[in-house]
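Asker: Using this note's numbering, the letters of the sequence shown map in sequence onto residues 2 to 228.
Accuracy of the hints is not assured; some may be wrong.
[Stated by the list, open to error] Pair ranges (Cβ atoms, derived): (1) 105 to 45: 18 to 26 Å; (2) 43 to 145: 38 to 46 Å; (3) 24 to 141: 30 to 38 Å.
Don't read these hints as lab results, they were simulated from the structure.
All C-beta atoms, glycine included, are put in the ideal place defined by N, C-alpha and C.
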Amino acid sequence: MPLNLFSSSSSPFDAIVERATSHKLTSLNWAIILEICDQVSRGDSRAAKDCLLSIRKRLNHRDPHVVMLALTVLDSCISNCGRNFKEEVCTSEFINELNSKATGSNRLVGERVRGLIKRWRKEEAGVDYHMEPMRVLYADLERQGYEFPPLADSVPKKTYDEVAIRKEEEDLAKAIDLSLKDIQRDNADATSNHKGNKYGTVKALYDFEAAEENELSFLAGELITRS
């Protein structure tokens with residue numbers, strides 16, 4: 002589906018997927034993500050298609066943070082939502098979209114997509130023939146020389162131990178807290194070294210590629226002076 006048609010195509014999953022991928026989230030909300038999986042599993046024959054449409058809208062969001070969250074929702078749905086969802090993911094249209102994101106996206110997004118393709122090829126395509134197009138996509142990318150960074154353990158299944166989920170959320174919260182402390186320390190250093198700077202300096206947490214002339218492209222770790 003062309004990108005300009007996303008805005009005119011509504012889905013009953015739009016609201017809940019937007020909640021799971023909100024730019025305001027500072028940690029993964031597994032309760033919402035697994036509720037999405039439950040709704041797809043309990044839904045009618047269109048549920049998988051509708052859910053993937055909502056996810057694709059968020060995969061094409063301009064904010065890389067939203068895209069990364071949407072990839073986690075996609076990964077969880079592939080793991081939990083059965084054959085119908087896998088068939089939707091492996092349509093030629095969506096495989097082409099994954100290929101585009103794996104090769105031409107924001108660096109962190111591209112690495113994440115390639116890592117997920119490697120996981121899906123290993124864990125899903127090896128045991129489910131519906132995921133065969135994912136194995137072919139992996140082989141094509143590998144032949145082109147792309148690298149596939151390792152990922153953490155698979156996303157939670159619906160029977161996943163709640164303690165393990167809580168531990169994963171706590172680890173992510175700690176990582177965010179450390180990042181915030183780094184920003185505060187860098188801001189303090191910048192203030193002491195540049196007392197005349199009244200605008201303040203922040204550290205970029207992820208890569209961002211400007212989409213408009215009045216925006217600024219930056220890489221993760223760069224210090225940016227706000228004006």
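Asker: Check each numbered hint against the structure and report the violated ones by number, ascending.
Answerer: Hint 1 contradicted; others consistent.
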